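Number of protein chains: 2
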Amino acid sequence: MTCGKVSSDFVWALKITTGANIVACAARNLEDAKKFGQKHGIPNCYGSYKELVQDSSVHVVYIGSIHVHHFEHSLLALNHGKHILVEKPMGINRKQTEQIYKLATEKNLYVMEGMWTAFNPTFVKAKSAIDSGVIGEVKFAEINFGVAFPKDIARIWEPQLGGGALLDIGIYPLYGVQLLLGNGDKPIEVKANGFIEGGIDVAGTASLKYPNNRLGVINWNAFVDLPETATIVGTKGKIVINPPYHAPTSVTISPSDGKEETFQFPLPDCPNATWNFTNSVAFTYEAAAVQQDLLAGKKENSTITKLTSQLVADILEDIKSQIGLKYPSEI
Amino acid sequence: MTCGKVSSDFVWALKITTGANIVACAARNLEDAKKFGQKHGIPNCYGSYKELVQDSSVHVVYIGSIHVHHFEHSLLALNHGKHILVEKPMGINRKQTEQIYKLATEKNLYVMEGMWTAFNPTFVKAKSAIDSGVIGEVKFAEINFGVAFPKDIARIWEPQLGGGALLDIGIYPLYGVQLLLGNGDKPIEVKANGFIEGGIDVAGTASLKYPNNRLGVINWNAFVDLPETATIVGTKGKIVINPPYHAPTSVTISPSDGKEETFQFPLPDCPNATWNFTNSVAFTYEAAAVQQDLLAGKKENSTITKLTSQLVADILEDIKSQIGLKYPSEI
Chain A
1 MTCGKVSSDF VWALKITTGA NIVACAARNL EDAKKFGQKH GIPNCYGSYK
51 ELVQDSSVHV VYIGSIHVHH FEHSLLALNH GKHILVEKPM GINRKQTEQI
101 YKLATEKNLY VMEGMWTAFN PTFVKAKSAI DSGVIGEVKF AEINFGVAFP
151 KDIARIWEPQ LGGGALLDIG IYPLYGVQLL LGNGDKPIEV KANGFIEGGI
201 DVAGTASLKY PNNRLGVINW NAFVDLPETA TIVGTKGKIV INPPYHAPTS
251 VTISPSDGKE ETFQFPLPDC PNATWNFTNS VAFTYEAAAV QQDLLAGKKE
301 NSTITKLTSQ LVADILEDIK SQIGLKYPSE I
Chain B
1 MTCGKVSSDF VWALKITTGA NIVACAARNL EDAKKFGQKH GIPNCYGSYK
51 ELVQDSSVHV VYIGSIHVHH FEHSLLALNH GKHILVEKPM GINRKQTEQI
101 YKLATEKNLY VMEGMWTAFN PTFVKAKSAI DSGVIGEVKF AEINFGVAFP
151 KDIARIWEPQ LGGGALLDIG IYPLYGVQLL LGNGDKPIEV KANGFIEGGI
201 DVAGTASLKY PNNRLGVINW NAFVDLPETA TIVGTKGKIV INPPYHAPTS
251 VTISPSDGKE ETFQFPLPDC PNATWNFTNS VAFTYEAAAV QQDLLAGKKE
301 NSTITKLTSQ LVADILEDIK SQIGLKYPSE I
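For the protein sequence lines, the chains are A and B, in the order given.
Last residue of the first sequence: 331 in UniProt numbering, with the numbers rising by one and none dropped.
Last residue of the second sequence: 331 in UniProt numbering, with the numbers rising by one and none dropped.
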């Protein structure tokens with residue numbers, strides 16, 4: 001659903017996902033859909049999203065529209081009996097996220113928020129190393145994501161298009177801290193600072209306080225390239241997911257009583273692919289996870305659970321309110 | 001004044017500071033002072049601080065006592081007409097810091113808060129590179145200082161001794177952000193999160209929001225070794241002061257349109273010295289700065305000014321109040 005840049009990258013990655021079968025695509029007009037379909041060899045191309053969700057050969061829909069349309073498109077697909085994978089953020093606020101999950105439950109359909117980083121083997125290695133206790137009790141995690149976005153990127157700089165840095169890139173460090181440090185717990189307190197300019201949030205920072213003296217820090221920025229690193233510190237060492245954190249290929253594990261080791265997870269090849277974003281081939285891991293879930297008859301993923309997704313939506317609400325961020329549709 | 005660990009390190013560094021002359025030392029009892037004096041070859045050793053400040057050969061007093069005594073010792077020295085260099089933090093709260101400066105002004109005496117990092121050539125290089133504009137407009141700075149302190153270090157773990165991580169190590173990142181990013185400006189807003197256990201602050205984090213979309217983040221921790229790094233990001237590149245930030249020897253400058261370069265500033269030798277803390281020989285730069293100021297007849301230093309010192313004290317008050325930190329003497 002949608003034939004934009006991220007959807008194109010997702011489709012390339014789907015091509016190397018064993019067992020995945022791309023049967024249809026849809027854009028707001030038929031011409032765009034046909035162009036996209038031709039490029040990717042997709043049989044059914046539709047000029048409206050409604051047509052796509054009425055196609056009985058479609059089993060699960062990937063929603064790659066801009067943030068402000070995720071809600072509408074998710075409801076449309078669910079109401080037509082389709083399982084969905086929704087790009088992050090699932091909604092632009094907690095209420096939207098909640099309603100999408102509610103409808104999916106009612107319809108007994110699968111829904112997952114597309115936080116693809118969580119399925120990247122480098123991230124999985126970091127998480128399993130943490131869980132194994134190799135760095136002791138985790139007490140601190142800090143993740144940065146900042147990009148000096150050119151001024152012509154409408155999805156970032158246009159408030160009407162749901163622009164801003166928090167929901168586009170800030171959500172990555174937030175999910176990371178929640179999964180690697182928070183470990184299912186709700187933060188005791190969130191404290192955020194940030195800047196709003198021209199109706200969009202241009203830069204921000206937040207700290208998350210968890211039980212047992214755990215502190216998480218996330219930084220996001222649309223002005224400058226922050227070193228895109230995740231640093232997780234425990235009582236017995238540290239783990240660093242090396243840049244680019246959101247689609248990483250290496251992690252360095254440094255137990256204080258052992259040898260520092262860097263683990264490389266090279267991304268697979270995808271012949272002839274033309275990518276819009278960095279390391280997008282890693283979408284294949286997310287797609288495979290959705291496929292496995294569906295084949296197993298699951299209605300939610302075990303990593304990006306409904307609870308985590310809603311907790312992240314809660315925290316985003318809190319941050320938005322603290323930095324004074326509202327989207328035009330929320331005013 | 002005091003013959004403890006930090007004073008010992010300071011005295012070793014003074015020995016290689018050209019023109020510095022150590023005439024006297026004092027401890028709470030004569031035996032300790034004599035032992036310290038013998039070790040360091042100091043002619044006058046006193047069993048009380050009052051005797052030291054009455055010694056007419058003493059020109060400037062270094063106050064190396066634990067935080068909770070800085071105030072009392074500073075007033076004692078100033079009231080006896082001595083210039084002072086007070087270890088950081090100058091006081092345990094804003095009121096103490098203010099009163100010390102007030103008395104120094106009344107007595108026309110020199111006073112400086114001993115934030116020695118600011119005089120380290122590596123730090124000076126970072127600051128001058130920032131000021132030269134090599135990384136464009138600075139928008140983000142983040143500095144961490146965390147040490148897995150052994151439980152037998154009373155100065156950290158005893159509330160009665162002014163224990164806690166913020167005033168002991170958190171003040172370093174705070175000063176760094178204020179000097180490298182804040183550049184004399186007062187933060188628009190400070191947001192802090194932290195933990196208090198057994199009456200002391202064990203871990204914390206704070207963000208500082210400055211005009212012109214500048215965000216600073218500081219992290220301090222008494223449980224875990226945080227990578228002790230300063231990262232300063234501008235619109236045209238970044239600068240990293242490599243560990244250990246508080247007494248560094250190298251800085252990496254990475255302009256986005258140029259070549260990354262690491263500058264090394266090896267510390268001088270100090271024959272026969274036995275150090276208590278990492279890279280303490282760098283105290284020599286701070287001592288030299290005080291000496292130059294005094295020879296020039298100045299009453300305050302141009303880097304660690306009264307204004308900066310009071311601003312830092314203000315921010316510390318704000319953080320303390322947000323994380324619920326109070327020293328026994330403040331309750």
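In case anyone wonders, no lab produced these hints; they're calculated from the structure.
Wrong hints could be hidden among the right ones.
Since the list gives no way to pick one copy over another, a pair counts as held whenever it fits inside one copy or between any two copies.
[Claimed, not checked] Here are the computed lysine-lysine pairs in the BS3-like style, where the Cα-Cα straight-line distance is at most 30 Å:
| # | residue 1 | residue 2 |
| --- | --- | --- |
| 1 | K5 | K236 |
| 2 | K259 | K127 |
| 3 | K151 | K236 |
| 4 | K151 | K125 |
| 5 | K35 | K236 |
| 6 | K125 | K95 |
| 7 | K326 | K186 |
| 8 | K125 | K107 |
| 9 | K298 | K326 |
| 10 | K259 | K186 |
| 11 | K299 | K35 |
| 12 | K151 | K306 |
Just so it is clear, the structure is predicted and the values come from calculations on it, not from any experiment.
Cross-check of the supplied hints:
1. K5 / K236: For K5 and K236, only the inter-copy Cα distance (27 Å) is at most 30 Å; the intra-copy one is 42 Å.
2. K259 / K127: within (19 Å within a copy, 34 Å between copies)
3. K151 / K236: between (43 Å within a copy, 15 Å between copies)
4. K151 / K125: neither (36 Å within a copy, 32 Å between copies)
5. K35 / K236: neither (54 Å within a copy, 38 Å between copies)
6. K125 / K95: Classified as neither; 33 Å inside a copy, 50 Å across copies.
7. K326 / K186: both (23 Å within a copy, 27 Å between copies)
8. K125 / K107: Answer is neither; intra-copy 35 Å and inter-copy 63 Å both fail.
9. K298 / K326: neither (35 Å within a copy, 51 Å between copies)
10. K259 / K186: neither (33 Å within a copy, 43 Å between copies)
11. K299 / K35: For K299 and K35, neither the intra-copy (33 Å) nor the inter-copy (74 Å) Cα distance is at most 30 Å.
12. K151 / K306: neither (35 Å within a copy, 41 Å between copies)
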